[in-house]
Amino acid sequence: MPLGLNFMVQIRVAVLTVSDTASSNATADKSGPAIREILASSDSFVCNNHSIVADDVSVIRAAVTSWCERRDVDWVITSGGTGFGVRDLTPEAISPLLEREAPGLVHLMLASSLQHTPLAALSRPVAGTIMNTLVVTLPGSVKAVKENMEALLAGGVVRHAIELIRGGRGTQVHAALAAGSDSAGHHHHHHHHHDHRAPEPRTLSHDPSAAASTHRHRVSPYPLLSLERALELVQNHVSPLGTETKQVTPDLSGHVLAEDVYAPQDVPSTPTTSVDGYALRCPRFPYETPAGELTQPSSDGPRGRVQRPDPRTHSVGAVLPAGCVYRINTGGPLPAGTDTVIMVEDTRLVSTFAEDQEEKEVECRVQVPAGENVRAPGSDVGKGALVLEKDDVVRSEGGEIGTLAFVGRKEVEVYRRPVVALLSTGNELVDLQNPRPHAGEGEWGGIWDTNRPALNAALQGLGYNVVDLGIVPDDIDAHVSAVRLGLQSADILLTTGGTSMGPTDLLKPVIERHFNGTIHFGRVAVKPGKPTTFATVPWEAAGGTGATAKPVFALPGNPASALVMFHVFVVPALRRLGGWPAARCELARVPVLLDSAMALDPRTEFHRVVVRADTAAGELRAASTGGQRSSRVASLAGANGFVVLPMRTPERTRLEAGEKADAVLIGEVVRG
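So the sequence shown is residues -7 to 664, counted in our numbering.
Calculated directly from the structure, the hints in this document are not laboratory data.
No residue lacks a Cβ here, since even glycine has one placed at the ideal position from N, Cα and C.
Hints should not be assumed to be uniformly reliable.
Calculated pairs, DSS-like style, for lysine-lysine (alpha carbon to alpha carbon, straight line, at most 30 Å) [as the list claims (entries may be wrong)]: (1) Lys382 x Lys238; (2) Lys519 x Lys375; (3) Lys238 x Lys352; (4) Lys522 x Lys375; (5) Lys22 x Lys238; (6) Lys352 x Lys375; (7) Lys652 x Lys519; (8) Lys402 x Lys382; (9) Lys652 x Lys522.
FRET-style restraints, in silico, Cβ to Cβ [unchecked claim]: (10) Val49 x Ala629: 23 to 33 Å; (11) Glu643 x Ser16: 41 to 51 Å; (12) Ala113 x Glu29: 21 to 31 Å.
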């Protein structure tokens, strides 16, 4: 059986058997072992991963995704679940994950199977790439598996595909085919397992060390992902940082609680007053007033002239004598022996102490029942009551910090907020505060670095600490040093520029080739911001406490693109790192009425607008900020939102004035 080209670098394969039966009884799995036997007959393949799962979309998807994200699998082969049966769900599980489909491989497998049986027309295979891994789905029968594997391996089809996915040019395959080498169709056992080279870095970016323009990409190797898929990838690869205990101070603002908060005591802890006035006892038996008058008991409390004890000799802990009142201010504890409070407005001053002219006698002009104007212990919050929940955000409006202080919590456990490293790239950039002559020719003086100050302001406005790495020239060593410093000093790296197709666009090559990073997406079908890049880089924590994957966002160099993509992609990632629940990480969207017509683009567009509240109509309206060119940062001056314009279709090319659309809010809504 032809088994593909036997080059030196082995292809790492994972096999997934999809079967309800085999998932409960592994001995029923026949197709998985058949695939592994075929692969084992060639030195070109190594299969160290084989799992069996039931016919369940989420389980199938989780197994395949975990392999692809590990970056140590070149080819995932699934077997089973590709037919028309009710439980045949493999295509439904895999298709949404594919970033680049491979219809040619599907056609090859179907053509091969149709040569043996017309029933192959009922098979529904899918094929394509997820990140840098080839995924192919095969039928469940051993006969069909062998037919499909033979077709895929003949002539080095899979080998060629994987070499291209790895970032190669396929020259080895073409050379072997041109020479008529029998290795293109047969396998040989040379038993040199220990002589294989280590797997090459899995890269899609161009090699910046290759000077010739023929070695550079003319078409981006990164698939163009939808906005929804790109946001999903960010959430899948960004996780909350660790927790820490912080004191309850204004610095707690912006953090997310990592624990439920319970009241450690009753609030108030003792009876207190809710007004300014006089505390007294509601009489329940006759007693003689200081003036010698006999007062009858009344459920409505005393009325008439009463005396205030000398505040210099009477403490709040001493029982108040009968017929006396005790001056008390809002929030103060009731003195012993009192059970009600009369407001100062309901009294009249009769006499004062000679020493300080403070009231000695007052007249109670109304009757007050027991418990009037009194807050009972625990009436606001009882001991053990849940006052704030885990995942609550401590907002800058002050309500959460006030609640923590109210119940007496001096410190609380929260998720750590990420520190952000920020840099700009490009020889043409000039620092506004530290301008240096540009090294270019003639009168060219460079352009002001707009992105770094704008993003720094946005980050600090959101409460994040920023490590400013400055401007990095278009040089590989400078890029490597800056990226390393950013990863060392921060939890997330944010760069602008260097993400497109030019020979000096170095961010993607540096991330992949120098830091073994994974580019999860390098292009998104959005306007502005198409070349937005999101990656993760493996990083060993200080002190050898374990490795982590640090997120990197390489935003476009055009200022409007950078700021818009910051709000669309980076803010959700920052929130997730800081412990925000995944469902709340994206900025809020609200329905708005358009003040003017807006043309649609083939990509999802974020049109910069001013969102204002039309109080008379009870609606939100959106007015365009003018020209939307990606380099026009002025379109963001005054903008507090982006209208999300859907992709253009032949039937719909624009939204008209007065139509409704969703808007992402990035600032406070304007009145009027």
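Hint check:
1. Lys382 x Lys238: With a Cα-Cα distance of about 15 Å, the restraint between lysine 382 and lysine 238 holds, given a limit of 30 Å.
2. Lys519 x Lys375: Violated: lysine 519 and lysine 375 sit about 54 Å apart, past 30 Å.
3. Lys238 x Lys352: Not satisfied, since the Cα-Cα distance of roughly 49 Å exceeds 30 Å.
4. Lys522 x Lys375: violated (54 Å)
5. Lys22 x Lys238: violated (57 Å)
6. Lys352 x Lys375: Not satisfied, since the Cα-Cα distance of roughly 39 Å exceeds 30 Å.
7. Lys652 x Lys519: holds (20 Å)
8. Lys402 x Lys382: holds (17 Å)
9. Lys652 x Lys522: With Cα atoms ~25 Å apart, lysine 652 and lysine 522 stay inside 30 Å; holds.
10. Val49 x Ala629: 23 to 33 Å: violated (47 Å)
11. Glu643 x Ser16: 41 to 51 Å: Given range 41 to 51 Å: holds, Cβ gap about 49 Å.
12. Ala113 x Glu29: 21 to 31 Å: 27 Å Cβ-Cβ, so the 21 to 31 Å window holds.
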